[in-house]
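S.K.: Sequence:
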Amino acid sequence: MGGVGDLLLGGCTPGTRPGDGTNVLQRHEGAFRLAVTVGAGAALRAHPQLAPTVLRVAQGGQATLTGVLSAEGLRPAIDRLIDQSDAAPEDKPLLKALVQTIEEELRAYLTQAQLAPTEVVALAARVCGWIADVAAVKLGRPVAAP
Numbered sequence: 023m024g025g026v027g028d029l030l031l032g033g034c035t036p037g038t039r040p041g042d043g044t045n046v047l048q049r050h051e052g053a054f055r056l057a058v059t060v061g062a063g064a065a066l067r068a069h070p071q072l073a074p075t076v077l078r079v080a081q082g083g084q085a086t087l088t089g090v091l092s093a094e095g096l097r098p099a100i101d102r103l104i105d106q107s108d109a110a111p112e113d114k115p116l117l118k119a120l121v122q123t124i125e126e127e128l129r130a131y132l133t134q135a136q137l138a139p140t141e142v143v144a145l146a147a148r149v150c151g152w153i154a155d156v157a158a159v160k161l162g163r164p165v166a167a168p
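So this note's numbering is basically just the index in the sequence shown, starting at one, shifted up by 22.
No lab work stands behind these hints: they were computed from the structure.
Ideal Cβ positions, reconstructed from N, Cα and C, are used throughout, including at glycine.
Where hints are given, some of them may not hold.
[Said to hold, decoys possible] Just the calculated beta-carbon pair ranges, DEER-fashion:
1. P111 <-> E51: 33 to 43 angstroms
2. G52 <-> T123: 29 to 39 angstroms
3. K114 <-> E94: 17 to 27 angstroms
4. A64 <-> R97: 28 to 38 angstroms
5. K118 <-> A85: 11 to 21 angstroms
6. P74 <-> R49: 29 to 39 angstroms
7. R49 <-> Q106: 35 to 45 angstroms
8. E112 <-> G52: 31 to 41 angstroms
9. P111 <-> R49: 41 to 51 angstroms
10. G162 <-> G95: 17 to 27 angstroms
11. A68 <-> E125: 30 to 40 angstroms
12. D105 <-> L161: 31 to 41 angstroms
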């Protein structure tokens, strides 16, 4: 994984049998949430102008992903939301790079966890919610109840 992911998730070794990954995620979802929150917070501190767009894209991602049935459909769905957003054209590649970074960090771990595609999609929707919460806080808006 690398970086913050190794530090926070180093002790969260996934199981080796199908279905073990679900139990690992249930036991360690707090660590996943912390890693995503720290990463999103750092990105928004570095690029505060992106907070409104990140909030809209993350909220849209949460809603859109309920209709995505496979892990392969995740990235195209998020990329479409970014393309359709009102972000400045020069910010859209940066937003996609942030999504790619999150995707790479999580994919390395999730591949080992042997999750079913529907479990990956459900986790991605939760990740969008966590990112939306970070952006809302950055904008001084209320955070959705867990």
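S.K.: Each hint: holds or not?
M.R.: Hints, one by one, checked against the model:
The hinted range of 33 to 43 angstroms is satisfied by P111 and E51, whose Cβ atoms lie roughly 36 angstroms apart. Remark: the range hint 29 to 39 angstroms for G52 to T123 is contradicted by a beta-carbon distance near 21 angstroms. Checked against the given bound of 17 to 27 angstroms, the beta carbons of K114 and E94, roughly 22 angstroms apart, stay inside it. One distance hint, 28 to 38 angstroms for the beta-carbon pair A64 and R97, is violated here, with the actual separation near 22 angstroms.
At about 19 angstroms, the CB distance of K118 to A85 agrees with the hint of 11 to 21 angstroms. A hinted range of 29 to 39 angstroms for the beta carbons of P74 and R49 is consistent with their spacing of about 35 angstroms. A beta carbon spacing of about 37 angstroms between R49 and Q106 agrees with the range 35 to 45 angstroms that was offered as a hint. With their beta carbons about 36 angstroms apart, E112 and G52 fall inside the hinted range of 31 to 41 angstroms.
Distance hint check for P111 and R49: the Cβ-Cβ separation is about 42 angstroms, which falls inside the suggested range of 41 to 51 angstroms. Between G162 and G95, the C-beta spacing of about 33 angstroms breaks the proposed range 17 to 27 angstroms. For A68 paired with E125, a C-beta distance near 19 angstroms fails the hint of 30 to 40 angstroms. D105 and L161 have their C-beta atoms about 22 angstroms apart, which leaves the hinted 31 to 41 angstroms range violated.
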